[in-house]
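K.L.:
Those sequence lines, one after another, are chains G and W.
The opening position of the first sequence corresponds to residue 4 in this note's numbering, with each subsequent residue numbered one higher.
The opening position of the second sequence corresponds to residue 266 in this note's numbering, with each subsequent residue numbered one higher.
It is worth saying that the hints were derived from the structure and are not from the lab.
These numbers were taken from a predicted model, which means no experiment stands behind them.
Heads up, some of the hints might be wrong.
Below, in silico cross-link-like pairs of lysine to aspartate or glutamate (EDC-like), each with a Cα-Cα straight-line distance of 20 angstroms or less [said to hold, decoys possible]:
hint: 1; chain 1: W; residue 1: Lys1003; chain 2: W; residue 2: Asp886
hint: 2; chain 1: W; residue 1: Lys1018; chain 2: G; residue 2: Glu62
hint: 3; chain 1: G; residue 1: Lys65; chain 2: W; residue 2: Glu1023
hint: 4; chain 1: W; residue 1: Lys978; chain 2: G; residue 2: Asp107
hint: 5; chain 1: G; residue 1: Lys53; chain 2: G; residue 2: Glu5
hint: 6; chain 1: W; residue 1: Lys884; chain 2: W; residue 2: Glu1006
hint: 7; chain 1: G; residue 1: Lys65; chain 2: W; residue 2: Asp628
hint: 8; chain 1: W; residue 1: Lys725; chain 2: W; residue 2: Asp628
hint: 9; chain 1: W; residue 1: Lys1004; chain 2: W; residue 2: Asp886
hint: 10; chain 1: G; residue 1: Lys53; chain 2: W; residue 2: Glu1006
hint: 11; chain 1: W; residue 1: Lys1019; chain 2: G; residue 2: Glu62
hint: 12; chain 1: W; residue 1: Lys728; chain 2: W; residue 2: Asp628
hint: 13; chain 1: G; residue 1: Lys53; chain 2: W; residue 2: Asp889
hint: 14; chain 1: W; residue 1: Lys1057; chain 2: G; residue 2: Glu100
hint: 15; chain 1: G; residue 1: Lys65; chain 2: W; residue 2: Asp886
hint: 16; chain 1: G; residue 1: Lys53; chain 2: W; residue 2: Glu892
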Amino acid sequence: MEILMSFLIGILFMTATYLMLSKSLLRIIIGTGLLSHGAHLLILTMGGLKRGAAPLLGEHAKSYVDPLPQALILTAIVISFGVTSFFLVLAYRAYQELGTDNMDRLRGKEGHE
Amino acid sequence: MSLLHLAIVSPLVLAALIPTLYRTFPKIHTGWFLLPLPILLFSYFLQFISQTSQGNTITRNLQWIPSLGIDFTVKIDGLGLLFALLITGIGSLVVLYSIYYLSKEKEKLNLFYVYLLLFMGAMLGVVLSDNLILLYSFWELTSFSSFLLIGYWHHRERSRYGAQKSMLITVFGGLAMLGGILLLYMMTGTFSISETIAVAGELPGSQLFIPALLCFLLGAFTKSAQFPFHIWLPDAMEAPTPVSAYLHSATMVKAGIYLVARLTPIFAQSGIWLWLVAGIGIITLFWGSFSAVRQSDLKGILAYSTISQLGMIMSLLGIGAVALHFDGVNDGIYTVAVTAAVFHLINHATFKGSLFMAVGIIDHETGTRDIRRLGGLMTLMPITFTISLIGTLSMAGLPPFNGFLSKEMFFTGMLNAKEAGIFSLDVWGILFPVIAWTGSVFTFVYCMILLFRTFTGGFKPEKLDKEPHEAPLGMLVPPIILASLVIVFGLFPKLLANTLISPAMAAILPSLVEDGKQFNVHISHWHGFKPELFMTIGVVLVGILLYKTQESWSGIYRLFPEKFSFNKLYDHSLELLQRVSRKFTRMYMNGFIRTYLVYIFSFFIFILGVALVYSQAVKFDTADLAEVRFYEVILVAIIALSSVSILFAKSRLTSIILLGAVGYTVALFFVIFRAPDLALTQLVIETVSVSLFLLCFYHLPKLRKSEGRVGFKLFNLLIAAGVGAIVTVISLSAHSSKKFESISNYYIENTYKKAGGENMVNVILVDFRGFDTLFEICVLGIAALGIYGMIKLRLAKGKTE
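This is chain G alone, in the form it adopts within the complex (with noise of 0.2 angstroms):
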């Protein structure tokens, strides 16, 4: 399953590279999106997919999945989700101001270092 989980990760980290060197903001967006779902399933397959009971106590098994990285991948959906909100607003003003979300056209000029 990890070998499956891996190739998937790779797919997910392929698309996320090629939409973030698109001409589109909103397209970087969501290969940022991307991106951040493959790290986050990345974590999840490095702490092994073996089975055994959710991390509950209350389960009584003999075995349960390792719950440190769900804590770690806990952790990092919400900070994603606050820096892609973010994100996502400032590229909602931008539109908004600059009249464009096409990024060669958010070049910086020279002069303006």
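Given the structure of chain G, go ahead and fit chain W onto it with the hints provided.
P.N.:
Just chain W now, kept in the frame of chain G:
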């Protein structure tokens, strides 16, 4: 802190007081306040002569950074004392001269004297330091204060150019010298010069010896304006004349000479040292005197003549190094070169200082230094003429002045060079006297030009801005003192022999001095009919001939077009450097985010790929895998399909919804892989995110009619595929090489026992690793505030336009 330390730092202390004095006593010329200091220092240093002439040295130590071996150690020996006397003696005269030269009303005297005092203190520090790092600190301070002094009239473009040029070249050399100091430290383990000299015999075997030698020489050659680093000195003539007289003839340019002399006991065992010092010196001698003839500016002539004379001293020091391989204290035929070097060092300081001051007077009283506008000043300025006469004749090497004596000894030294028979001197050594003689002829010619074009011939009042007249007495006194010293040293050279020259030679060639003995310095006017006498006669005859026929042969200067001069080379390389770096920066910093991302991703692929291959980390192990199930394969397929189809989506809405599909499927993964909290959070957050996406972009006006898909770009695809492949390979290899067990058993065992909870993930988040959560809350708070600010705050609109 001893008196000696105090003497070195006293100019720096006084420099701090100058601005206050300048403001408190606006009616008194600020120069008067500092005149006593160099005089006091001069008399203080004079008292050491009795000590050093007996072969004693005085060392005083003051701790600075003892843990690094860097101390404020000062040492007075013959060489250091000679320089200290030059610095303070000529310093006093220059200060006196500057009082009359610089106007109290028009000039910012406070700045001038602060810079000058900084320089004086730094220069004293250079020549008296016994610690290499201390020496380097003072060395850079001289470069720095010289930069300030050259750029004193900073409203002039030429001054700024000259200051920048001298700064770039001397600091380049200074930095090389620092490299040499560190290399030397790696070999010896000490920064102390005396201790290094004591172990000098063991050094040549080291691999670092030659690099250190070259670094030091680079420092010395740039500072002393040796070929081809001489180009900064003529441009430094934009400084006020007292500065040119002090820094660029008598003191700072001799710092390189000092360094070479000081390091002779360490490096002179090497043939490379000998050939570089003597060879570069003799080339500089020739090139300087050759170039001086074509100058039309009086200070230009003096600048090139300084270059030439410095080359002469340098070559003498190089030849003198042969002595280390041969003879003892007495009657050595090679030590005579060192004698000549030290003697000429003193002579040059006297006559060049007086000449600069005389030129300054001419400039001051006629308003020009251009030789084509001057002439016939002899009767108008008789005293200045006399001073110039003495100075130029001494410089040309005529009797009875001191220049004659040192030039004779110079020829002797050069003639002896070819007889050494080491380092192939017997083959090439003949070049030295030949080049030296040719250089001396040109020296004679420019001396004549300097003297006769200025003072004889027709007087051209219509070309002058001012009515020329003799200078005030105060301005004349310093050059008169120097000119009389020229005569005194010329007539009674024995005055110097045992007091200054012999102790200085003992410092340059310490291994030749046995205890209680001294160098015998023979300086005599009459050698008998020896080759050097005929050489001098030849110089005079050919020189007169060349001077008379200058019109007919000056065409040779046009053989080298201005385009190929070293100045043009410097200018072009500086410009080229700027142009190329600007072009290069513009090329890769093109302002497109996409390009920068390409750099980042390519670097990511490259560095990780190389590291993986290089460290043989790529592994594939199927032992520790979970089994593949049907549901999971379906979910994998869904995510893969939807993420790839985003690439082909035509409208924004489709892409957003496809992203949502990926997010919800990830939540399903969390369900399958037993992560209920994650699934919950992921579902909620994905819903909010997608609605945010929709909210933002659905309501926006359609800016472009054809939304189109992502334009297909093969290059981007390659990069993206590379990133994906690298991540896959890394995750596979990482999974296949697990080194140790997880620490999670601790959490599983203690979640209830110690924390009193049953949900392990929650307990980790708020109890075991609660700090993460605290700052994650901060991140959300900041994001919320930022979004609020972005939407509410609209400052720029309408205001900037």
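K.L.:
None of the hints should be skipped; say for each whether it holds.
P.N.:
How the hints compare with the structure:
no.	hint	in the structure
1	W/Lys1003 x W/Asp886	10 angstroms, holds
2	W/Lys1018 x G/Glu62	16 angstroms, holds
3	G/Lys65 x W/Glu1023	15 angstroms, holds
4	W/Lys978 x G/Asp107	15 angstroms, holds
5	G/Lys53 x G/Glu5	10 angstroms, holds
6	W/Lys884 x W/Glu1006	19 angstroms, holds
7	G/Lys65 x W/Asp628	102 angstroms, violated
8	W/Lys725 x W/Asp628	15 angstroms, holds
9	W/Lys1004 x W/Asp886	13 angstroms, holds
10	G/Lys53 x W/Glu1006	13 angstroms, holds
11	W/Lys1019 x G/Glu62	18 angstroms, holds
12	W/Lys728 x W/Asp628	13 angstroms, holds
13	G/Lys53 x W/Asp889	9 angstroms, holds
14	W/Lys1057 x G/Glu100	13 angstroms, holds
15	G/Lys65 x W/Asp886	27 angstroms, violated
16	G/Lys53 x W/Glu892	8 angstroms, holds
Checked against the numbered hints given earlier, the structure breaks hints 7, 15 and satisfies all the rest.
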